[in-house]
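Asks: Sequences are here, hints too, so could you generate the full structure?
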Amino acid sequence: MKYILMMTGTKAGVDTYRAWSKKDMETHFAFLKNLNKELSEAGELVANEGLAAPDMAKVVHAGKDGTPATDGVFPEAKEFVLGYWIVDVESPERAYEIAARLSAGPGPGGVPTGLPIEVRQIMGSKHDELP
Amino acid sequence: MNGSKANWDEYAKWSQEDLQRNIAFMRAFSKELRDAGVFVATEGLDWPNEAKTVRAGKDGEPVTDGVFPESKEFLAGYWIIEVESPEQAYKIAARASAAPGPGGKPVNMPIEVRRVLSSASDLGL
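Protein chains in written order, with my numbering: chain Y, 75 to 205; chain R, 42 to 166.
By construction, these hints were calculated from the structure, which means they are not laboratory data. We put the beta carbon where it would ideally sit given N, CA and C, even for glycine. Take these hints with a grain of salt, some might be off.
Interface residues of chain R toward chain Y, partial, derived using beta-carbon atoms under 10 angstroms [stated by the list, open to error]:
(1) L74
(2) K93
(3) A97
The list that follows gives simulated cross-link-like pairs (lysine-lysine, DSS-like), each with its CA atoms no further than 30 angstroms apart [said to hold, decoys possible]:
(4) K85(Y) to K93(R)
(5) K132(R) to K138(Y)
(6) K93(R) to K76(Y)
Replies: Given below as structure tokens:
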């Protein structure tokens, strides 16, 4: 079963993140690297990406002639994906376990960030009835 | 590609023909991106009514929550593309936004466009 684990946060949350000390950042990235290595060795990691800060995000609609109409103004409370992991696991519970590990990643002073991780199943592993 | 729970309920009411037209478009679109050499990855995600938000509890155990505000936007699917400029990414996003909906009319779904980080230096570290 393939699941996507999306680390989410608001723009304000990302601004807080920018104020972390270099050491806190390094500790956090070392944690993520180790977790990726562990998931990879367990054969559970399918893909992982981090996204650029939300202040560069745009929302695009097709205009009248199919031309791109871009919008870059978002409500302060809008949730953005900061990064994601796709894992191939035996059960939803295992996906939740990995998500909890991510949520417990070290923040300033090594205190867990407690970031919310949205967990969703990837299409195709279940909804095979789609045409 | 984003949508609210209400959008999914709409989608569930599409006719078989409309669904097939939309999926045929998505397949042809992915093939075109592959042929143009800009395609990196794509996935579609399952219905949001099975989505959970997970946080680490006191001892690191998973605490799940599955109740979301009706207006919450969910990711429906994504494409990762490798392009020369943001404008090219916006053009491709507009194509995806114009995918056919009921009766072949463009859905005009909002497509959020973000850059993928290639290294920690992208974060200004």
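Asks: Each hint needs a verdict: does it hold in this structure or not?
Replies: Going through the hints against the structure:
Of the supplied interface hints, the one on L74(R) is violated, with its beta-carbon coming no nearer than about 15 angstroms to a beta-carbon of chain Y, more than 10 angstroms. With a cut of 10 angstroms, the hint placing K93(R) at the interface with chain Y holds, because the nearest CB-to-CB distance is about 5 angstroms. Because the closest C-beta pair between A97(R) and chain Y is about 4 angstroms apart, less than 10 angstroms, the hint holds. For the given pair, K85(Y) sits about 21 angstroms from K93(R) by alpha-carbon distance, which is consistent with the 30 angstroms threshold.
Of the supplied pair hints, the one linking K132(R) and K138(Y) holds, its CA atoms being roughly 13 angstroms apart against a limit of 30 angstroms. For the hint pairing K93(R) with K76(Y), the CA-to-CA distance comes to about 14 angstroms; that is within 30 angstroms, so the pair holds.
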